[in-house]
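The primary structure of each chain is shown beneath.
2 protein chains.
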Amino acid sequence: MSFEITATIASFGGKLLKLAHHAKSTSCQMKLNLYLPPSATPKTPAPLLIYLAGLTCTGDNGAEKGFFQAAASKKGIAILYPDTSPRGLNIAGEDESYDFGSGAGFYVDATKEPWSKGYKMESYITDELPQAVFSQFREIDGGRVGITGHSMGGHGAISLFLRHPGMYKSCSAFAPITNPSECAWGQKAFAGYFGEENKSKWAEHDSTELLKKFEGETDILIDVGTGDNFYKQGQLLPENFEKAAKEAGKKVTVRYQEGYDHSYFFISSFAGEHVEHAARYLCK
Amino acid sequence: MSFEITATIASFGGKLLKLAHHAKSTSCQMKLNLYLPPSATPKTPAPLLIYLAGLTCTGDNGAEKGFFQAAASKKGIAILYPDTSPRGLNIAGEDESYDFGSGAGFYVDATKEPWSKGYKMESYITDELPQAVFSQFREIDGGRVGITGHSMGGHGAISLFLRHPGMYKSCSAFAPITNPSECAWGQKAFAGYFGEENKSKWAEHDSTELLKKFEGETDILIDVGTGDNFYKQGQLLPENFEKAAKEAGKKVTVRYQEGYDHSYFFISSFAGEHVEHAARYLCK
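Note that the protein sequences, when read in sequence, are chains A and B.
Following numbering that gives the first Met the number 0, the numbering of the first sequence begins with 0 at its first residue and continues without gaps.
Following numbering that gives the first Met the number 0, the numbering of the second sequence begins with 0 at its first residue and continues without gaps.
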């Protein structure tokens, strides 16, 4: 459904649009932010970089604290900041924990009741949302789309890139959950959305497993902070992803950034470099 | 009193320190943020730019959403983000309105009871806080200090620059309240902190009045968004400040930024240019 534009905010020479629309895939109203760089016009449409946020976030966090707009303005790239889950579906338990349900959709289509009702974030992000954006905003070039994300959203960015060959021309991530089947966050989410026993389904959404079978080329940039407590706790497991990349002969660059944590202070420090990484594929 | 460092956060190659200390001037614990660029060491101390925040803010808003660190890291400038008022003094009415009391100290030393107890933000910002910073952080050069701020903090930056000749080597502001005696926010604050009748005191803290009598040189950079509702409502009155500058032969550059609002999206878009403005005086 077409978007209501609830605010238009000047930002780095372009416009940040606050949007809302009713989404069929998630059975609810979805809010989000879209940044249009100053160069974007219907005659000179901008490529699009999708930023998937992490647990507890909405589409606002990246727009307010990620500072992608600074580099996106210069490179002429639009940025899409979706929400992280459906909201207000009145499913029992949806607001009980920070790492499951509201704010924790994990960018998958749930197959297990009751979550299968509206927790269809993969369909939303890969199909309904971009179709709605491209049909309403002719300032954006639907043929040039990249994806990035943070933590749960890093899992989203990499797994969707690997699950939909050709859909995204670039891929990067900040502190991504790269092997969800092997960490507490991923196990809780996949058990809840797919079922405890459905391990083949788990593998279909696990970036480390997906990479082993991926047939296309990759150039995935990953930053992880060495001071990130979730990295230390084994929630991110970038080593597993690196190992899989090496064995499969895929290009994956993991940079361990000394002393950085898991916060938006970390993301904003490297957002410009991730926009530049995307620009190498989106702005050819 | 010396600072407790409650967190050290990597940001743009440097460190953002979350600090707390008991301040005599404000009779309470004050929290704040201090950004140290990567170049700052006791042997190569960095100059300091103080960012004064606006109504309702704490020292966190600018550090999280102002985007000063990006440019400060490159230029080798430290940034100090103080709070906007004392907190928790238990003065009747201190938490009743967004534009007076807590979060609204206006960077003055109140003379009227009961606010004169701890609402001594001018003393805190110009004396106690910098002394505490310079004595504890030898990575900062106390001889090179500039000041900037937003809205109420823009009033603070300009009025403190004009009231303390020589203390600050640079001055700029985002959407500042430049003629508080003539706008609703300023009138409420000055009546409350100084008394309704004490108009000579008001003039001593009104940047437009101060500029008329200022004997030194100025190079004050001001950005104001043309879409700023508070500008439209006459709370900022940059025209009055410009007129006073012209008549007094002072250099004041007011840039009316098309379509920008009063938010941190506006501040972050021009933060880099304000850091560069400061660098021209701080990094000679």
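Hints may be right or wrong, so weigh each one.
Because identical chains share one entry, a pair is satisfied inside a single copy or across any pair of copies.
[Stated by the list, open to error] For lysine-lysine, the following DSS-like pairs were computed, each having C-alpha atoms within a straight-line distance of at most 27 Å: (1) 64 x 30; (2) 116 x 245; (3) 242 x 17; (4) 17 x 249; (5) 198 x 242; (6) 116 x 73; (7) 249 x 64; (8) 200 x 116; (9) 64 x 74; (10) 17 x 231; (11) 168 x 283; (12) 17 x 64; (13) 200 x 17; (14) 64 x 211.
Note that these hints are calculated values from the structure, not bench results.
With identical chains, the pair residue 116 and residue 73 could be close in the same copy or across copies; at 27 Å between alpha carbons, which is it: within, between, both, or neither? Result: close neither inside a copy nor across copies, 41 Å intra and 49 Å inter.
When Cα atoms must be at most 27 Å apart, do residue 242 and residue 17 count as within-copy, between-copy, both, or neither? Intra 40 Å, inter 37 Å, cutoff 27 Å: neither.
Residue 17 and residue 249: within-copy, between-copy, both or neither at 27 Å Cα: neither (37 Å within a copy, 41 Å between copies)
Between the shortest in-copy and the shortest cross-copy C-alpha distance, which are at most 27 Å for residue 64 and residue 30: within, between, both, or neither? The answer is both: 17 Å in one copy and 21 Å across copies each meet 27 Å.
Please work out whether the CA atoms of residue 17 and residue 64 approach to 27 Å or closer within one copy, between two copies, in both situations, or in neither? Classified as both; 15 Å inside a copy, 17 Å across copies.
First find the shortest C-alpha distance between residue 200 and residue 17 inside one copy, then the shortest across copies, and answer within, between, both or neither for a cut-off of 27 Å. Answer is neither; intra-copy 35 Å and inter-copy 44 Å both fail.
One pair to classify: residue 116 and residue 245, alpha carbons no more than 27 Å apart. Within, between, both, or neither? Cα proximity of residue 116 and residue 245: none, with 39 Å in one copy and 66 Å across.
As a check of your reading, is residue 64 near residue 74 (CA-CA no more than 27 Å) within one copy, between copies, both or neither? Both: 19 Å inside a chain and 21 Å across chains, each within 27 Å.
Status of residue 64 relative to residue 249 across identical chains (alpha carbons, at most 27 Å): neither (32 Å within a copy, 36 Å between copies)
Up to 27 Å CA-CA - residue 283 versus residue 168, copy category: within (11 Å within a copy, 45 Å between copies)
Go through the copies and call it for residue 17 and residue 231: within, between, both or neither, with a Cα cutoff of 27 Å. between (36 Å within a copy, 22 Å between copies)
Cα distance capped at 27 Å. Does residue 64 pair with residue 211 within a copy, between copies, both, or neither? Intra 34 Å, inter 39 Å, cutoff 27 Å: neither.
In summary, the numbered hints that this structure violates are 2, 3, 4, 6, 7, 13 and 14.
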